[in-house]
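Colleague: Each chain, letter by letter, is given below.
Number of protein chains: 2
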Amino acid sequence: MAQQERAVRTRRAVLEAAAAVFAERGYAAATIAEILNRAGVTKGALYFHFDSKAALAQGVLQEQIATEYCVPRELKLQEWVDAGMTLAERLPREPMLLAAVRLSADLQGRDVFGSAWPAWAELTGSVLTAAKERGEVLPHVVPEETAQVFLGAWIGVQFVSQAVADWADLDHRMSALFNHVLPAIAAPAVLVRLDTAPDRGARVIAEVRQRSTVPLADANS
Amino acid sequence: MAQQERAVRTRRAVLEAAAAVFAERGYAAATIAEILNRAGVTKGALYFHFDSKAALAQGVLQEQIATEYCVPRELKLQEWVDAGMTLAERLPREPMLLAAVRLSADLQGRDVFGSAWPAWAELTGSVLTAAKERGEVLPHVVPEETAQVFLGAWIGVQFVSQAVADWADLDHRMSALFNHVLPAIAAPAVLVRLDTAPDRGARVIAEVRQRSTVPLADANS
Numbered sequence: 001m002a003q004q005e006r007a008v009r010t011r012r013a014v015l016e017a018a019a020a021v022f023a024e025r026g027y028a029a030a031t032i033a034e035i036l037n038r039a040g041v042t043k044g045a046l047y048f049h050f051d052s053k054a055a056l057a058q059g060v061l062q063e064q065i066a067t068e069y070c071v072p073r074e075l076k077l078q079e080w081v082d083a084g085m086t087l088a089e090r091l092p093r094e095p096m097l098l099a100a101v102r103l104s105a106d107l108q109g110r111d112v113f114g115s116a117w118p119a120w121a122e123l124t125g126s127v128l129t130a131a132k133e134r135g136e137v138l139p140h141v142v143p144e145e146t147a148q149v150f151l152g153a154w155i156g157v158q159f160v161s162q163a164v165a166d167w168a169d170l171d172h173r174m175s176a177l178f179n180h181v182l183p184a185i186a187a188p189a190v191l192v193r194l195d196t197a198p199d200r201g202a203r204v205i206a207e208v209r210q211r212s213t214v215p216l217a218d219a220n221s
Numbered sequence: 001m002a003q004q005e006r007a008v009r010t011r012r013a014v015l016e017a018a019a020a021v022f023a024e025r026g027y028a029a030a031t032i033a034e035i036l037n038r039a040g041v042t043k044g045a046l047y048f049h050f051d052s053k054a055a056l057a058q059g060v061l062q063e064q065i066a067t068e069y070c071v072p073r074e075l076k077l078q079e080w081v082d083a084g085m086t087l088a089e090r091l092p093r094e095p096m097l098l099a100a101v102r103l104s105a106d107l108q109g110r111d112v113f114g115s116a117w118p119a120w121a122e123l124t125g126s127v128l129t130a131a132k133e134r135g136e137v138l139p140h141v142v143p144e145e146t147a148q149v150f151l152g153a154w155i156g157v158q159f160v161s162q163a164v165a166d167w168a169d170l171d172h173r174m175s176a177l178f179n180h181v182l183p184a185i186a187a188p189a190v191l192v193r194l195d196t197a198p199d200r201g202a203r204v205i206a207e208v209r210q211r212s213t214v215p216l217a218d219a220n221s
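Chains as they are written, first to last, in the UniProt record's numbering: chain S, 1 to 221; chain A, 1 to 221.
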């Protein structure tokens, strides 16, 4: 294995271990020792890539905005729904996403290592802006405002799902959230064509995996 | 002062001190010693009313569903909006409400002392059911489902407002949330008559205080 490839793998192993520890314990209670232990790398290897716990948190926050499940659709609003529904499907299974959610909501820590919230809001804002340019969105909608409402609503919905059902009902709660917000956003002719069913996320993920020639890492493992 | 009246005042003083400490530090970090200190009562007086820290948390959670700002309106949906908007106005200023929000979101503690979430969801559910009976609500709306969506959305929106603006924009964020959810719920003729302006909460509170012959405790003090 080439040296560069080995470095990429080490970095990834460290990030995944850090994500698992941050997702379980939160930032304050996480220790470099436990991350080293989980990653199975030397202290020197970890510090070569990340010079502090804060740098690890920043790495996790940057990592999670993966777009491998973004499939272009005829309707931009369907792409927005798909982003939310695939996230709902993946979140309970992927420590990298769980860690990003937990770190972003850390009121003490976010001043130190930042937050994924601005990136999430920007993603929604840009999809809605594109949807608006195509006439899919009602004229009075302000994409940035809707992005902020949806950011808050999504954070709360996933938190309630975690608290009351250990995320088991997240797909249903996210589907219901879209059904409650889309009528305020989508043009009527677009609204009726959107698929917001609870299993939408699972179907999109299956579709992407089937299409993909290079097999994707199994998120369930 | 009669003995009973003194007991009621002591109980209230203890609850308010407990709420302030829970709101600031969370349940795990709160100590009976600090609550005693803030309340200015004896240990015996506190334990006469509450036999544990968990009992104090339960007391705070029961206390906060005060309905002094519920004014009957022609439209039941306006009463729902008013409940949300007055809550948004009061939350940053009232430790009892802040404590209830924080305790209810305590993933470890809520098994011990419960959560205000079910009571909040029930409140929304019952108002929406009444609104539906009067034909204010679209026929496909399921009040319990909307109550769950709104519970999650409201929790997230207030959390984001706390994190990014120390609650200073909560009235605007709550107003935007209602504007994004009501089109999925309200009959069109009702929708156009609802007042969801950011200052709605402040206006309702001012109205109630002016009407009230017995002066209410100043929530800002």
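The set of hints was computed from the structure by calculation and includes no laboratory data. A virtual CB, placed ideally from N, CA and C, is assigned to each residue, including glycine. Worth double-checking, as some hints may not be accurate.
Said to hold, decoys possible - Covered stretches of chain S, going by a simulated chain A footprint (3 or more residues, C-beta under 8 Å): (1) 137 to 148; (2) 167 to 180; (3) 189 to 199.
Stated by the list, open to error - Here are some of the chain A residues that sit facing chain S, going by a computed Cβ distance under 7 Å: (4) Val149; (5) Gly152; (6) Ile155; (7) Gly156; (8) Val181; (9) Ala184.
Colleague: Now, for every hint given, state plainly whether the structure supports it.
Modeller: A quick look at each hint next to the structure:
1. 137 to 148: holds (count 3)
2. 167 to 180: holds (count 5)
3. 189 to 199: violated (count 0)
4. Val149: holds (5 Å)
5. Gly152: holds (4 Å)
6. Ile155: Hint on isoleucine 155 of chain A: holds, closest Cβ of chain S at ~4 Å, below 7 Å.
7. Gly156: Glycine 156 of chain A check passes; min Cβ-Cβ to chain S is 2 Å, inside 7 Å.
8. Val181: holds (5 Å)
9. Ala184: Hint on alanine 184 of chain A: holds, closest Cβ of chain S at ~4 Å, below 7 Å.
Going through the hint list in order, the structure does not satisfy hint 3, though it satisfies all others.
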